[in-house]
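The listed protein sequences derive, respectively, from chains Y and G.
If you read the first sequence in our numbering, its first letter stands for residue 1, the second for the next number, and so on.
If you read the second sequence in our numbering, its first letter stands for residue 378, the second for the next number, and so on.
FYI, nobody ran anything at the bench for these hints, they're computed from the structure.
Nothing here was measured: the structure is a model prediction, and the numbers come from that model.
Honestly, I wouldn't trust all of these hints.
A few chain G positions that, by computed beta-carbon distances, are all more than 12 Å from chain Y [stated by the list, open to error]:
1) 544
2) 608
3) 623
4) 688
Which stretches of chain Y does chain G cover? Using the computed rule of at least three CB atoms under 8 Å from a CB of chain G, they are [what the hints assert, rightly or not]:
5) 270-284
6) 294-300
7) 356-370
Partial list, derived from the structure: chain Y residues whose beta carbon lies under 7 Å from chain G [as the list claims (entries may be wrong)]:
8) 90
9) 151
10) 375
Note that the Cβ used here is the ideal one computed from N, Cα and C, for glycine as well.
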Amino acid sequence: MKLALEPAEQLLQEDVRAFLATHAPDASEIPHALDDRMAFLREWQARCYEAGFVGRAWPAEFGGGGRPTSEQIVVDQELAAAGAPEFPSVVGLDVLGPAILAFGTDEQRARYVRPILAAEELWAQGFSEPEAGSDLASLRTTAVETDEGWVLNGQKTWISWGQFARWCGVLARTDPELPKHKGISLLVVDMASPGLEVRPMEQITGHAEFCELFLDDVVVPSENMLGGRGDGWKIAMHVVGHERGTAALPRQVMLRTWLDRLVADAAAAGVLADERAQDELARALIEIEVLRHHASRTMAAFLNGGAVGPESSGVKLLMAQAEQTLCATALDVLGDAGAGPFWHERYLYSRAASVYGGTQQIQRDIIANRILSLPAE
Amino acid sequence: MDLQLTDEQRWLAESVDELVARADAGSVWRSLGEFGAFEVGGDGLGAVELALIARGLGARLAPLPYADAAAVHYALDLGGAAVVPCLAEPGRRYAPAEPATAIVDGRVSGEKDAVPYAAAAELFAVPATADGDAVLAIVSATRTSIEARPTLDETVAPAHVRLEEVEPESIEGDAETIRTIAAAAAVLVSAEAVGAAGSLHELAREYAGQRRQFGRPIAGFQALRHILADMYVQLESAWSSVLYAAASLDERDADATRASAISKAYAARATQQVAHGALQVFGGIAFTAEHPAHRHLRRIVVRGGSYGSARDHERAVARSLARAAS
Ligand SMILES: Cc1cc2nc3c(=O)[nH]c(=O)nc-3n(C[C@H](O)[C@H](O)[C@H](O)COP(=O)(O)OP(=O)(O)OC[C@H]3O[C@@H](n4cnc5c(N)ncnc54)[C@H](O)[C@@H]3O)c2cc1C
Chain Y
1 MKLALEPAEQ
11 LLQEDVRAFL
21 ATHAPDASEI
31 PHALDDRMAF
41 LREWQARCYE
51 AGFVGRAWPA
61 EFGGGGRPTS
71 EQIVVDQELA
81 AAGAPEFPSV
91 VGLDVLGPAI
101 LAFGTDEQRA
111 RYVRPILAAE
121 ELWAQGFSEP
131 EAGSDLASLR
141 TTAVETDEGW
151 VLNGQKTWIS
161 WGQFARWCGV
171 LARTDPELPK
181 HKGISLLVVD
191 MASPGLEVRP
201 MEQITGHAEF
211 CELFLDDVVV
221 PSENMLGGRG
231 DGWKIAMHVV
241 GHERGTAALP
251 RQVMLRTWLD
261 RLVADAAAAG
271 VLADERAQDE
281 LARALIEIEV
291 LRHHASRTMA
301 AFLNGGAVGP
311 ESSGVKLLMA
321 QAEQTLCATA
331 LDVLGDAGAG
341 PFWHERYLYS
351 RAASVYGGTQ
361 QIQRDIIANR
371 ILSLPAE
Chain G
378 MDLQLTDEQR
388 WLAESVDELV
398 ARADAGSVWR
408 SLGEFGAFEV
418 GGDGLGAVEL
428 ALIARGLGAR
438 LAPLPYADAA
448 AVHYALDLGG
458 AAVVPCLAEP
468 GRRYAPAEPA
478 TAIVDGRVSG
488 EKDAVPYAAA
498 AELFAVPATA
508 DGDAVLAIVS
518 ATRTSIEARP
528 TLDETVAPAH
538 VRLEEVEPES
548 IEGDAETIRT
558 IAAAAAVLVS
568 AEAVGAAGSL
578 HELAREYAGQ
588 RRQFGRPIAG
598 FQALRHILAD
608 MYVQLESAWS
618 SVLYAAASLD
628 ERDADATRAS
638 AISKAYAARA
648 TQQVAHGALQ
658 VFGGIAFTAE
668 HPAHRHLRRI
678 VVRGGSYGSA
688 RDHERAVARS
698 LARAAS
């Protein structure tokens, strides 16, 4: 049990702070139009990668820093604390990159990993379908083996940043005769392939951050399969656990910066003297702090070399809860007009926190089944 | 930040559990002393270890002022006495280091409220103001008048304690000592409540697997599975925050006082939700007096109110947020 940072981590923290003091973009510098914003953010990530702050714990031979995972967490928390913009490679960094490292061949690692870190190539996650959301294993997109490679047909949906992606990790059914979890494989699809159509969809926030994907006889080279034929489900479960667990630590820091902003906004609006407002803010802070405590405890096993297990579902539930409480508190304390565009957008987006990455109900199911071992329904 | 238990800490938790399981009610306190459960500081125990012991005792609903006494021993060496801190005062905001109780001409006078296990205590640790400064008076329980109050948990039996020109046994420490004891007390009673909630959750989990309705175990109903899953998250996250607050006390972290307020506020509410969930899972059986559920519920609610309620601690966090912004 140890709360204080190790000396090496402290030095790193100072390095990141010094870097951010000179390089972090001011919020006003970030272009508003989505295309310009993406270009700007790619440059930002590339600069951070050069400084050694992206993929710090990924293997050095594939472009990573080869350092302990705890160091990347120090970096991520510093970036979040400084209010630095999020990296555009988020899907590659959190989902597909770890999948390639864990299940890919050396050729695949050499081909795909470094461009993820340097933001040269963005990735999308093509898992969900119109008829397969929570029941992901019932997905219908098919991949048929031919002499030219795999031929894909089907439809994917809610694909975050699909319109900017160079590659998409698509789950497709390769063996329809096998039980539904067994017949699925993960294919790396070139987003420029003939027969592939991307349609951005406007979200409730007003931005088009996710897309529909239509696959019409899209040919994917045989060597683009990740892991073996039929490994798709196993890989998907591995990566979503990753996404659920490790994202929480930087996320809680970001929520903390939002809370600080909310307290300042409340003070500026003259409502901070109201004890009821203070109490609401305190309850929001408590949820964020407990998220930090709990994520740190459950992730310690992972940082010490263990796998991310079903405990990450508990972290995910707390993470969604803390974000939703905070954003609802902002609206309540500041009022609709006082909240303004910043909090309007965050409030709306916070409602997705209990849906994406596996809904709140699915997380509870995972806990009931895998941690509490309750007899099956 | 590493919140994993060490092997020694795991061993400690198991040993205490065995000790409590074996000893009869009359001798547990002495056994704990012999085991070294009050030996704090140096090579002895820190707040993390005390919290592990308090959780183990809470899991078995041991009717002992362990969390209370350990909080005092964490700050002062009183040789393992059954000492209970008197941190709340009737009709006043919960502020242990700003007591209205006063020392005049070397004698302590005042009123304290919600003092746990008052009838079982040998000594009281009483914050009092002397010449404008807060100090801690150690007072023999026999020199005070103890008045029982209505309570949900007769084992803890929080009482009203009146001091009229009581000559203290000694005067120890200052406002800082009081704050340390208050923070440790908040953390350790939270650990006890987490213990009580954890064993109740386990009982409810087992029951859900055995009880059948509509031709299948009730654990098969998703509505109950989700209640049990939420209880698990509440329990584990409350324990994480207790461990964090305990570690921050041990590391003399600048933020330790606030961390203890956060863990107390959160754990008090979370453990109560666990108890409510459990009662729902049990159905009617939990309303029979012989069923253990209500004893866990009572302990959780009353310990949630010991050394500042959830609201008291939320207020403290709220005030510090507002202060920092102005
Ligand atoms: C902002 C955002 C970004 C996303 N990005 C991506 C992405 O990049 N790539 C990708 O593949 N997907 C993405 N998703 C999709 C996301 O993973 C799905 O929305 C999610 O898995 C739920 O599926 P669904 O929307 O079909 O809802 P459904 O599965 O239809 O669920 C509807 C409701 O039914 C409940 N429900 C379903 N099954 C059960 C059950 N067994 N027991 C109890 N209740 C149940 C759910 O909890 C929910 O409340 C994104 C979603 C959002 C909101």
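Contradicted hints - numbers only: Failing hints, ascending: 2, 3, 4, 8 and 9.
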